[in-house]
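A.B. asks: If you want the building blocks of each chain, they are given just below.
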Amino acid sequence: MAKNLKLKSARAAMDMSQQALAEAVGVSRQTINAIEKGNYNPTLNLCIDICKALGKTLDEIFWGND
Amino acid sequence: MEDKTTLASGTIFDEAGYDEMQKAENHEIGFRLFRIMFFVVLLFAMVFIIVCSNTENLAGTIISLVLLATLFGFYLLYAYMTAKRGIMNPKFAKSWSGTWVIIVYAIIAFLWVVRLIDDLCYGKELFDVSPSIMWIILTVEAMLMCLCAKKNNKVLKKQLEDDEEE
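Sequence lines, in order, name chains V and Y. For the first sequence, my numbering begins at 13 and goes up steadily by one. For the second sequence, my numbering begins at 3 and goes up steadily by one.
Next comes chain V alone, as it looks inside the complex (with noise of 0.2 angstroms):
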């Protein structure tokens, strides 16, 4: 699986710690992390919520072309 650079720099951008990220959509800092580096497959509904903690559509963080 690839890595989400998109989220990384949605996070970045927002100047957003994992763990500041993570509390704000109620998992862990190793679930962020583990998406950011492309382990884990996040459900529809962490996918929403994350879009929605950094100000982001589905598209711009979790799918369309690189």
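Hints may be right or wrong, so weigh each one.
What the hints assert, rightly or not - Lysine-lysine pairs mimicking DSBU-like chemistry, simulated, CA-CA at most 35 angstroms apart:
id	chain 1	residue 1	chain 2	residue 2
1	Y	Lys160	V	Lys49
2	Y	Lys159	Y	Lys86
3	Y	Lys126	Y	Lys6
4	V	Lys68	Y	Lys156
5	V	Lys49	Y	Lys6
6	Y	Lys25	Y	Lys126
7	Y	Lys25	V	Lys18
8	Y	Lys25	V	Lys68
Think of the hints as simulated: they come from the structure by calculation, not from any bench.
For this one, chain V is given, so just place chain Y on it according to the hints.
C.D. replies: Frame of chain V; chain Y shown alone:
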């Protein structure tokens, strides 16, 4: 969808043809039942050992000790596999990863081994010493559990280290 032949093929545990939702639901059910089954079988195994010891039943003693060792084998395998991925229960991993915990269990195991050797030297039968063997199995298992907890914390720490400067 995968269609590999496994030992479980054709049984209720066969996941061939399952989609992701079905697998996820199935795994959740399996985990919950594994958890309950572990504690129930552990209780029965320990009671069985004591009863066989008191009734001087050699065959029952051997079977019950093998059952206990096998049960803990699977328990440790579960602990190791979750530790390898860094997904052991965090509170459990924290409380079991202290070095002093291993030392305490090592001392307890040593004392039970000394008692076992002493009993055997006095010519006691297997069913007489089976409670000692049971406690040795339990304490060795606890020591290995501590090592798994330490591994879990190490893996988790490595996972969470930032690869690059942000």
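A.B. asks: Quick check: which numbered hints come out false for this structure?
C.D. replies: When the structure is compared with the hints, numbers 3, 6 turn out to be violated.
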